[in-house]
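Going down the list, the protein sequences come from chains A and B. Numbering-wise, the first sequence is residues 1 to 629 according to the numbering used here. Numbering-wise, the second sequence is residues 1 to 249 according to the numbering used here.
There may be inaccurate statements among the hints.
What the hints assert, rightly or not - For lysine to any residue, the following SDA-like pairs were computed, each having C-alpha atoms within a straight-line distance of at most 25 Å: (1) A:599 / A:546; (2) A:105 / A:258; (3) A:618 / B:219; (4) A:347 / A:421; (5) A:618 / B:211; (6) A:618 / B:208; (7) A:618 / B:215; (8) B:191 / B:148; (9) A:618 / B:207; (10) A:618 / B:220; (11) A:199 / A:93.
Said to hold, decoys possible - Here are the computed distance ranges between Cβ atoms for each label pair: (12) A:71 / B:223: 52 to 60 Å; (13) B:46 / A:522: 48 to 56 Å; (14) B:235 / A:95: 31 to 39 Å; (15) A:96 / B:236: 26 to 34 Å; (16) A:96 / B:235: 34 to 42 Å.
Everything labelled a hint here was simulated from the structure, so no lab data went into it. Even for Gly, the Cβ is constructed at its ideal location relative to N, Cα and C.
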Amino acid sequence: MSGQWGFTTSRPTDARYGDDVAKYAMSHGEPGLKTFVREVLQNSNDARLDNDQPARVTFKLESLRDDEAIEYLTSLDIETWSEHANLSTDTESGEHIAEAIKRIKDEEEIRILTIEDENTQGLLGEENADESNFTALVRDVLFSSKSGDTAGGSYGLGKAVLWLYSGLSLVMFNSTLSEPNPRDESPRLIGRTRLPTHKSEAGETVYQGHGWYGNLNSDEEGARPESVWGDEAKSVADNLRLSRPGAPGTSIQVVDFRVPTAEERLADDELADQITEMAIEWFWPAIYRGDLEVAVEINGETKRASIDEYPQYKAFTSCLEDHDDSVSELNEPGDVVEATIPLDVPKKSDGSGGADGQLDLLIRRADSSEYQHRNEVAFVRGAGMVVEYYNRDRVVVGNQDFHAILLGGEARPWGTDGSSEDADTLVEEFLTAAEPPQHDEWVRTETLANTYSRGFRTAVEGIKSSVTEALRRLVAPNVDRGATGPQRLGNRFKIGNESRGDRSDRESPSSQRVTGDTNISFDDVYTHWSFSGEVEPLSDWNEIRRVTVSLIRMAEERATSDRLPVQNISSGTAGVSISLPEENGVQVGRLEPAPGTSKISFEGVSTEDRRQVETRLKVSVDVAERRDE
Amino acid sequence: MIDNRFLAGERELTEDDLRPYLQPLGRSIDLSPIDGRIEEIRADDEIDAQDSLIDAELAPTLHRTLDLTRNEAADAGLWHYLCIVRFPEFVHYRWDHVFDPESTGNMEEKFLKAGTDTYSNALHRIWWGAELTYEEDESGEVEDRDYSRTKRVLGFQELANDVLDHDFSRYVPVTHACGDLLCHDELDKIKEEGKYADPPSNSDIVSRTTTLLREELTVRRVEMMEEDDIVGTVEGLRDDVIRREAGWL
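With the rest of the complex left out, here is chain B:
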């Protein structure tokens, strides 16, 4: 059903088309806040189509509205439905640039991947990006949650990809440390301090640091590490990267 025409945005699939395959979630969720937020984002002159800022801006609303358990969120079918039937326009708006009629894999996964792959499906990715980075308020109310870290991570495509594509992101203390220590604000601050001459680009710092972290975790069990240790490790690797790439070591 998901053919080239659908991926190119030339054909739609309705609930009726997919009826034999649909299963109820068991409760009803009002998706209109998401529609509303998508409209606002599309109308915002500061946000271009296909910009990673779209993910950052949609994440708080998507995550608050789809107040799912992680178990529910791990069900790929839910996300297939949302992307294919409910929000296909959004998926095209955000990801059309990856469509290649000769090789459709990249576009296909924006509609069809999900499950344990938190990197690919257009909405699943945003939801999990938020789930792994938001900060709960003392009140425990959905409305009071702090999504500032979520915005920093999803608004920086390299960071979002490098974090979400890897196993370590499933452990929230690591995702938080990466979000806090490798975001643009933090890296720009270090650069402004002028401590390191000719530092590499923020994307390079993120890409190298997360690679080194993944290598480090072949010999250390992250769930056994204290949070301070995690922060210290990420910080140490990041500073090594900045130094090394700048030719300091």
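Extracted from the complex, chain A is given alone in its bound form:
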């Protein structure tokens, strides 16, 4: 007995899909391996059962060849599936899928990645439930039903990576349910493919593109196959190398696993190493606290991801260890100081909530050998995932090197004997709403705007500047500051990284009146430069009137007059008007803040740069005496 594919039909007048919307949205983040590992682990972490056991996740990577591959593909009913895939070739994504299946058949080789989690809820819920784990992960697009309001993923977008990382856009699920909902005969097995909308060969039937692998209970054209259960599911799972242990949880199999943006196919062992390292890099808080265990299995060998093997994250876990033993000054490497970052959570639109919350910033002085993630702040909330590493290198001139963590929401009391308070719960909820679909920063989002009343913007945008200010205070070098020394020194150093002399590089009055920080790096994925910066006047009497950002091509010995156009620029500062005017025929980024603005932050990207030669950021700032408001 085995399952079969069925594709739901739609009317010719219905909307057609060239590709999956959620898949498309996720592919525009950062579709390297990082996105995949983060999203997958976040799903399992969020579905952890409410007990003192960790969620255990194992990534199993297998490359099947020859007979093994053929047997596997036969069990997958690949012939039926291919008939549909081959009807979808008039779209770009359909063409790629058809090419992938041809390659697999020609080479008789296929790579599959199975992510098996245990001590998680499993795919609970009726086939057609309005809201359930099953429908959220397998069926729906852009609906999310994770437990609690503060789960890591709150958009239901993350799961789209599963299909994005499958060359065939095909994912199989096998789940042991943690409770008999809807049935008491685990496991539950189902497959799902997302193809473009296509027509039958004769053209009379339109298939929406969503295909399901399971039991077809109806002869009607376009009926949706449903989950296979119990012994039958076990037998299908065996053939599909998708059997799982008895503990509740879900196995997800990504068929023809690939990294969408990788230039070349990585070998299994390299892929395994990268998955392990990324698990530690982004989930060390959950792993350290024993909430999550991650392992990678290739060729039958299982290796557990251990923080001990990646000592670069020990600097961060040490912050947690010493949360209760913080000192007042960073004198020695290993010393930890603590600062409080206030966060005024505004009331929700319905008038509920609102709190004078706070986040805990723990800063640990680095040893000279601890150079990885140096001078970065890991942002963490109760989900136990690092949302972002906020780079604060050179936050002050000559700063002491450090590693820091910012603990927010339910994570705030971690490392102490205390437990979270009501305000922490409100902060957790607020920060969750402030995460975009990729969950990789805390910013102003639509959810935030729809849920909270006035003040949410100042609150969320103030986090980074408060962190920066606290760091400036705590990691400043121990020198006796004369009254005029730093000011005079400041005048000597121009903002930006264009330090080599150039005729066009004369000191302008603005360079003596502002301070700040800039950063530019090349993004291999999008072949463009990403830049960011923050500027503020040195004197409180001044305000910023205008900031112009241009990208300068460097030559061997100095800057050239060539410029790379700025494609886009945005500002995290409220009330800034943004434009992209041309200067000498090349587009630059221009920010004009509202009166009274003293500090302005920005980020942006260049146009595509195929030459990838050294490029620097030039920031020109017009400051003037503060106007009376």
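For this one, chain A is given, so just place chain B on it according to the hints.
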């Protein structure tokens, strides 16, 4: 000592004037071939005063006569002496057009710059232009050296400036590639082939190509590049420039 009057050519400085500052080179070099060649150039009706052809025509004789090591040639004092005391008339003949009594920097550097700046001093520039572009004969004899590339580079002011003013010129394979691929003869040949409609001027091609090359060398270490790679890179950038400027890309 080097005042406006000297720069304007109204005053001379003799060996006696500079005696306290002079240091012997340690060997004697007969400079008369250079005098002779300068005379010939000045008498040539085809070569105007201030023309870059002057540099091209003087270079072989200057370089053969001043058979210096690079170490000696890097000594700025030697060139200051030659320009100020020995050949000031030549410097005026070649460069008087840059003299501006209000802003004397440009003229001053024709007498006084040198050292690692191979672009400015009137004679130093010619010597280094030759040093970086000539071709040694198998015999190794000074008389047998081939200076045809030197003439092509120094005779094309934009090319000479763009090459000599930049760090990459210190690496001879690059200077040679630029001299061979960006000279008038080569560019004119490409244009005659008619492959590119409405190509830019030779000066624009040279200026853009060398700028792009300098940008390229921020991420590539030229001393690690094979000579074929260098030639291919310069050629590729040049063709891109011709195409792009002609609106092909």
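Hint check:
no.	hint	verdict
1	A:599 / A:546	holds, 11 Å
2	A:105 / A:258	holds, 16 Å
3	A:618 / B:219	holds, 20 Å
4	A:347 / A:421	holds, 17 Å
5	A:618 / B:211	holds, 19 Å
6	A:618 / B:208	holds, 22 Å
7	A:618 / B:215	holds, 17 Å
8	B:191 / B:148	holds, 22 Å
9	A:618 / B:207	holds, 24 Å
10	A:618 / B:220	holds, 23 Å
11	A:199 / A:93	holds, 16 Å
12	A:71 / B:223: 52 to 60 Å	holds, 56 Å
13	B:46 / A:522: 48 to 56 Å	holds, 52 Å
14	B:235 / A:95: 31 to 39 Å	holds, 37 Å
15	A:96 / B:236: 26 to 34 Å	holds, 31 Å
16	A:96 / B:235: 34 to 42 Å	holds, 36 Å
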